[in-house]
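Order-wise, the sequence lines are chains A and B. Each residue of the first sequence is one higher than the one before, starting from 1 at the first, in my numbering. Each residue of the second sequence is one higher than the one before, starting from 1001 at the first, in my numbering.
Just so you know, these hints were derived from the structure itself, not from any lab. Note that beta-carbon positions come from the ideal geometry of N, C-alpha and C, so glycine has one too. Treat each hint with caution, since some may be false.
To be verified - Distance ranges between label pairs, derived from CB positions:
1. B:Arg1264 <-> A:Gly127: 25 to 35 Å
2. A:Arg187 <-> B:Thr1004: 53 to 63 Å
3. B:His1247 <-> A:His228: 53 to 63 Å
4. B:His1151 <-> A:Ser139: 33 to 43 Å
5. A:Ala57 <-> B:Gly1205: 49 to 59 Å
6. A:Thr67 <-> B:Arg1264: 38 to 48 Å
7. A:Thr67 <-> B:Asp1223: 27 to 37 Å
8. A:Arg94 <-> B:Thr1004: 45 to 55 Å
9. A:Tyr88 <-> B:His1265: 21 to 31 Å
10. B:Thr1188 <-> A:Arg94: 38 to 48 Å
11. A:Glu206 <-> B:Thr1004: 48 to 58 Å
12. A:Ser139 <-> B:Ser1102: 18 to 28 Å
13. A:Arg71 <-> B:Pro1248: 51 to 61 Å
14. B:Ser1102 <-> A:Leu53: 23 to 33 Å
Stated by the list, open to error - Here are a few chain B residues that sit away from chain A, every Cβ distance over 12 Å (derived from the structure):
15. Thr1004
16. Asp1010
17. Gly1027
18. Arg1063
19. Ala1134
20. Lys1145
21. Asp1214
Listed here are the chains, written in short residue letters.
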Amino acid sequence: MTAAITVDGLEVIFDRFRALKGVSLEVRSGESFGLVGESGSGKSTLLRAIAGLAPVASGSINVNGKTLGTRRDKAFYREVQMVFQDPYGSLHPRQTVDRLLQEPLAIHGFADGEKRIERALDEVGLGNGFRFRYAHQLSGGQRQRVAIARALILEPSILLLDEPTSALDASVQAEVLNLLEEVRRRRKLTFLMVSHDLAIITHMCERLMVMQSGEAVENLTAAQLVAHRVTEDYTRNLLRASEGFVRA
Amino acid sequence: MSGTLLEVDDLRVDFPTRTGLVQAVRGVSFTLGRERLGIVGESGSGKSQTGRAIMGLTPPQARISARKLAFDGIDLLGISPRQRRALRGNRIAMILQDPKYSLDPVMSIGRQIVETLRTHEKVSKAEARERALAMLEAVQIRDPKRVFDLHPHEVSGGMGQRAMIAMMLIAGPEMMIADEPTSALDVTVQLDVLGILDKLVSDRGMGLIFISHDLRLVSSFCDRVIVMYAGKVVEQLKASELGQAQHPYTRGLLNCMPRIGFERHPLPVLDRKPEWAA
Chain A
1 MTAAITVDGL EVIFDRFRAL KGVSLEVRSG ESFGLVGESG SGKSTLLRAI
51 AGLAPVASGS INVNGKTLGT RRDKAFYREV QMVFQDPYGS LHPRQTVDRL
101 LQEPLAIHGF ADGEKRIERA LDEVGLGNGF RFRYAHQLSG GQRQRVAIAR
151 ALILEPSILL LDEPTSALDA SVQAEVLNLL EEVRRRRKLT FLMVSHDLAI
201 ITHMCERLMV MQSGEAVENL TAAQLVAHRV TEDYTRNLLR ASEGFVRA
Chain B
1001 MSGTLLEVDD LRVDFPTRTG LVQAVRGVSF TLGRERLGIV GESGSGKSQT
1051 GRAIMGLTPP QARISARKLA FDGIDLLGIS PRQRRALRGN RIAMILQDPK
1101 YSLDPVMSIG RQIVETLRTH EKVSKAEARE RALAMLEAVQ IRDPKRVFDL
1151 HPHEVSGGMG QRAMIAMMLI AGPEMMIADE PTSALDVTVQ LDVLGILDKL
1201 VSDRGMGLIF ISHDLRLVSS FCDRVIVMYA GKVVEQLKAS ELGQAQHPYT
1251 RGLLNCMPRI GFERHPLPVL DRKPEWAA
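Here chain B stands alone, though its shape is the one from the complex (with noise of 0.2 Å):
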């Protein structure tokens, strides 16, 4: 690991609601370099607050602290708002799972893209709608003209998706989040749009916080994985050594999908420990 891009250290996200305090992250530490790192967790284990809370993303009725929260040394909890958006796009990028969702609908896909890339950059018009053409080919759209002028509507999924990986790098982020990048998505088109994601992130030596909830994807695609549960980090281990996870959970998950060739009736369900969760 060539140099720390990210430090999280004691992460909690809290919510206040009207039955007392959710606490949704609670207490979750890691270091991210130029590499690819998985965190996998089932629907409430606070794995995308987790993504959040890094962009900056968190509700406002939500109380954030950390010990340490910091991108390339900067501290992303003590600067501004404004100082925290210019960063947001620029240097830190995030793909969101639904582009159906995501993208703005009444905006067409080469605009959304010249839009991220002149908030960030000083470029002229011609310049920018080059550079948007440019990207549209990096992640293998055919046509790239075609689609420049379409509006989300009008495409895909996995060209949605495609659009939104491509508005995510053009100003050339050096950390990115990627929340369930491929989930919405057929599992033919899912191999595709990994497969671009994985060059593109390699090709320009970014940092990837892959965040999802399949835990054999995440090991066939990270080096590193961090297993959530309940608002806390239980495991964390090299994509490698899944198959030697220590923790009970992380056994559970991977053991209680059904896999082609492994016949087993019933299937093996998570026994859920309370001092898991503690």
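Next comes chain A alone, as it looks inside the complex (with noise of 0.2 Å):
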């Protein structure tokens, strides 16, 4: 199997921060891999690096065969696009939902851009009903379902997701992993997804990297983590931590 984004040894330093201390990783094509730990582990910061969204220091970042340099050209982003957190924070408060599909589009220049607004609609569970509202008129569960159809619509082979569902209520976070995971068999994507939460972490992905302040602690599957089959203490805090609270 072929890697779809291999990083090796990324340093990413914010004035004199270094938020990413030498970060390894390898994700194949076709596969769903995590990244956990807790805020401040760089997690979100590997992430934004790899779409061009950080600063590196050095190490080097390499995407579908292509080792990316400082700037991302348009066909980068024809290969990856990224969902993020907050649906109130990332869609355009005074742009309909229409407005905010066809950006992308015209960006690089596709012709059908009606066929493909629609369709992607449809393929996040919106109808076309929801074409010209604006985000505000929007629950939060459909926002983020508009931010996946604003990644999907340029048909991206990899999907960054960085904590997609930890601003959402449980039922919507339930409905919203399940369009994802669709999109996911459909497409034959690769995803890259950041949780907080094992659990999540474990139920999309078959592998996952543990992070702790700006370091990788390990790599596991998921069927290690299940079976508690890990060996820094590290992650067995946090399996514990998400198993709930014990009295003691």
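Put the two chains together into one complex, using the hints given.
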């Protein structure tokens, strides 16, 4: 199997703060890979560095066989799209859903925009009726569906997901996770997904990496995690914490 | 249950808006003794407005009515704002979700705790400082003297939430309302904070209302759970009997969360019935 994303010795430095301290990672094509850790562990920074949204100090990022420079070209964004955590912040408040979805199509010069928008909305379970609404007229779950539609409309092969459901209610979270699994199966996408919730990562991903303060703690398969076959104390702590409160 | 601390009977909170009346809470009734009671629901279920109405923090444009809303025999809707203020922070305390927004950003943590204490009790500055330091130690802050002089932006979320718990407990309240006290924290920190809260609540024999969207967390922490949907209580049950929940909404909420070691693809989703909200 070929690698979709290869990250090697990646360092990200904000001013003098080392957010990533030489992280390496390989995501195979068609795989769903998870990044877990507490806030400040660098999991989101790693995702953003791949998308070209964080200052890379050293190390290399390779996507679908191409090594990336500091600038990303248009072709990169046709391959790689991102869904952000906060559906309230990631959609333009004064643009209709239609306008939001047209933006990527216009940038990449697609001619059949009409059809693509209809199909994208259909795919995420929002009918055509949502096309001319504004973000504030939608619920959190509906907004996240629009964000997913916007990511899918260019038919990328890789989706970067930064806590896509942590701002949503549990029942809505289930719907969005199901949707993501379905589009991945249908389009054979590669997922790189960030979450602080081990249960979500084991549900969605085959392999995962645990991170702490800018470093990789360990690499595991979901099956190993489920069977509690972990070697690092930090991972064990996370596992225990995910089981809920136990009275001392 | 020894003695009733709080009685809520048919509580309603309405918000008049441009597009008509929004009924946030529609006839909620329950009683609280010296126990841990969880209120669970999704966003918009009215759980936070219920807590705020008890605390007296509902926005002024809202209309509150209840057949009975009494704390330790005191009719909360009948007393003057001044009397209400004397209760708030003294006998009834509230912990809010995010210490980043609910602590005063321009006041040191120590001063905020001292302020709470001196509002409600006549104590000297030196004694207030001593008690604030002792309280910071009680919430397991390792270096209370240093934290006392820090401002909220200088501490982590977990530390800020501990400081808030310290501030709320310093006046020795009999009832505490915790509105999503750990939702803004990392999972591991979450458990530490819950552990501290649990210990303090049981040591002091307080009544606790724990408001959360996380049914599993609440049931591992509380004695009793109230499940709210669309402003109403759909089910009340013992936390230990959550597995035998009757209402389809409660069961749906429990089911739709991914769990480690329980593979289900796709996840079951809630099939919302209009009659639940009726």
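Tested hints:
1. One distance hint, 25 to 35 Å for the beta-carbon pair Arg1264 of chain B and Gly127 of chain A, holds here, with the actual separation near 27 Å.
2. For Arg187 of chain A paired with Thr1004 of chain B, a C-beta distance near 58 Å keeps the hint of 53 to 63 Å intact.
3. Checking the proposed 53 to 63 Å range against His1247 of chain B and His228 of chain A shows it is violated: the Cβ atoms sit about 33 Å from each other.
4. For His1151 of chain B paired with Ser139 of chain A, a C-beta distance near 37 Å keeps the hint of 33 to 43 Å intact.
5. For the pair Ala57 of chain A and Gly1205 of chain B, the beta carbons lie near 55 Å from each other, so the given range of 49 to 59 Å is met.
6. The given range of 38 to 48 Å is respected by Thr67 of chain A and Arg1264 of chain B, whose C-beta atoms sit roughly 39 Å from each other.
7. As the Cβ distance of Thr67 of chain A to Asp1223 of chain B is approximately 58 Å, the hint placing it in 27 to 37 Å is violated.
8. Between Arg94 of chain A and Thr1004 of chain B the Cβ separation comes to about 52 Å, which falls inside the hinted range of 45 to 55 Å.
9. The beta-carbon spacing between Tyr88 of chain A and His1265 of chain B, approximately 29 Å, falls within the hinted interval of 21 to 31 Å.
10. Against the hinted window of 38 to 48 Å, the Cβ-Cβ separation of Thr1188 of chain B and Arg94 of chain A comes to about 40 Å, which satisfies the hint.
11. The hinted window of 48 to 58 Å between Glu206 of chain A and Thr1004 of chain B holds, with their beta carbons roughly 53 Å apart.
12. Distance hint check: the CB atoms of Ser139 of chain A and Ser1102 of chain B are about 26 Å apart, consistent with the given range 18 to 28 Å.
13. Checked against the given bound of 51 to 61 Å, the beta carbons of Arg71 of chain A and Pro1248 of chain B, roughly 53 Å apart, stay inside it.
14. Between Ser1102 of chain B and Leu53 of chain A the Cβ separation comes to about 30 Å, which falls inside the hinted range of 23 to 33 Å.
15. Interface exclusion of Thr1004 of chain B from chain A stands, the closest Cβ pair being 24 Å apart, more than 12 Å.
16. The claim that Asp1010 of chain B lies off the interface holds: its Cβ sits roughly 27 Å from the closest Cβ of chain A, which is beyond the 12 Å cut-off.
17. With a least beta-carbon separation of about 23 Å from chain A, Gly1027 of chain B lies farther than 12 Å from that chain, consistent with its non-interface assignment.
18. Every CB of chain A lies more than 12 Å from the CB of Arg1063 of chain B, the least distance being 25 Å, so the non-interface label holds.
19. The Cβ of Ala1134 of chain B sits about 22 Å from the closest Cβ of chain A, beyond the 12 Å cut-off, so the non-interface label holds.
20. At roughly 25 Å from the closest C-beta of chain A, the C-beta of Lys1145 of chain B stays outside 12 Å, upholding its exclusion from the interface.
21. The claim that Asp1214 of chain B lies off the interface is violated: its Cβ sits roughly 8 Å from the closest Cβ of chain A, which falls inside the 12 Å cut-off.
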